[in-house]
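*Asks:* Chain residues, written in single-letter form:
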Amino acid sequence: GEDVEQSLFLSVREGDSSVINCTYTDSSSTYLYWYKQEPGAGLQLLTYIFSNMDMKQDQRLTVLLNKKDKHLSLRIADTQTGDSAIYFCAVSNSGNTPLVFGKGTRLSVIA
Amino acid sequence: GAGVSQSPSNKVTEKGKDVELRCDPISGHTALYWYRQRLGQGLEFLIYFQGNSAPDKSGLPSDRFSAERTGESVSTLTIQRTQQEDSAVYLCASRKGLAGSSGANVLTFGAGSRLTVL
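So the protein sequences, as listed, match chains A and B.
Using our numbering, you'd call the opening residue of the first sequence number 1 and step up by one each time.
Using our numbering, you'd call the opening residue of the second sequence number 1001 and step up by one each time.
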């Protein structure tokens, strides 16, 4: 089955850019998502991208997709302390199939 | 309701006891998912309800796990004869209808029910 991998930890200084990486194994994955989880809260959808796109930008967030390498990244510009959270990459191969999640990357922002 | 509501938020139980976890999805959301999040792990899919269709139970880890949903409203996840490895946060998510015109599976998650089995 699909396997989604992420590095577990990332630490950045406030104001720097953060880049969170994700790799997946199923080349038929057509929808790729980034979720954010703050302590004690549910997952919040940040953004998603279709496999026919290479890049999507939404304010401080930039998603890059390298379909050939099955690599997805989330860049957060001007990282703030409020961005400290766990970020999950998730993929699915159709709109209704259950999402397959990575283990999450814990982002720590140092003031 | 305004969001996906789950209860209890925390449950501590003894090994061998049965537990019920409840999810109240956003009103009008026909799709409902249960996921399990073990400490330091990603989310594991458990079960998916879509309207009146037969649920997708392919993620349930054993026959001790079951879930029900009444129409398009509340869902309960039941774990019988709990084991220590069942300790996790159980997350519920809902979606309005089938995947949208964009095709994306945009889910709204609840805050989860943290289960600790002693």
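To be clear, the hints were calculated from the coordinates, so they are not data collected in a lab.
Hints may be right or wrong, so weigh each one.
[What the hints assert, rightly or not] Pulled a few chain A residues facing chain B out of the computed Cβ check, cut under 8 Å:
hint, residue
1, VAL4
2, ASN52
3, ASN93
[What the hints assert, rightly or not] Simulated DEER-style distance windows between Cβ atoms:
hint, chain 1, residue 1, chain 2, residue 2, range
4, B, ARG1081, A, ASP54, 45 to 51 Å
5, A, ASP58, B, ALA1054, 33 to 39 Å
6, B, ARG1064, A, GLN80, 30 to 36 Å
No experiment lies behind these values; they were computed from the predicted model shown.
Glycine included, C-beta positions come from ideal geometry on N, C-alpha and C.
*Asks:* The structure should be examined with respect to each hint, and the outcome stated for every one.
*Replies:* Now for the hints, and whether the structure bears them out:
1. A distance limit of 8 Å between C-beta atoms decides the matter here; for A/VAL4 the minimum to chain B is near 7 Å, and the interface restraint holds.
2. The interface hint given for A/ASN52 is broken, as the beta carbon of that residue sits about 11 Å from the closest beta carbon of chain B, more than 8 Å.
3. The interface hint given for A/ASN93 is broken, as the beta carbon of that residue sits about 10 Å from the closest beta carbon of chain B, more than 8 Å.
4. Between B/ARG1081 and A/ASP54 the CB atoms are about 49 Å apart, so this pair conforms to the stated range of 45 to 51 Å.
5. Evaluation of the 33 to 39 Å hint for A/ASP58 and B/ALA1054 yields a pass: the beta carbon distance comes to about 37 Å.
6. Separated by about 43 Å at the C-beta atoms, B/ARG1064 and A/GLN80 break the suggested range of 30 to 36 Å.
Violated hints, listed in ascending order, are 2, 3 and 6; each of the other numbered hints is respected by the structure.
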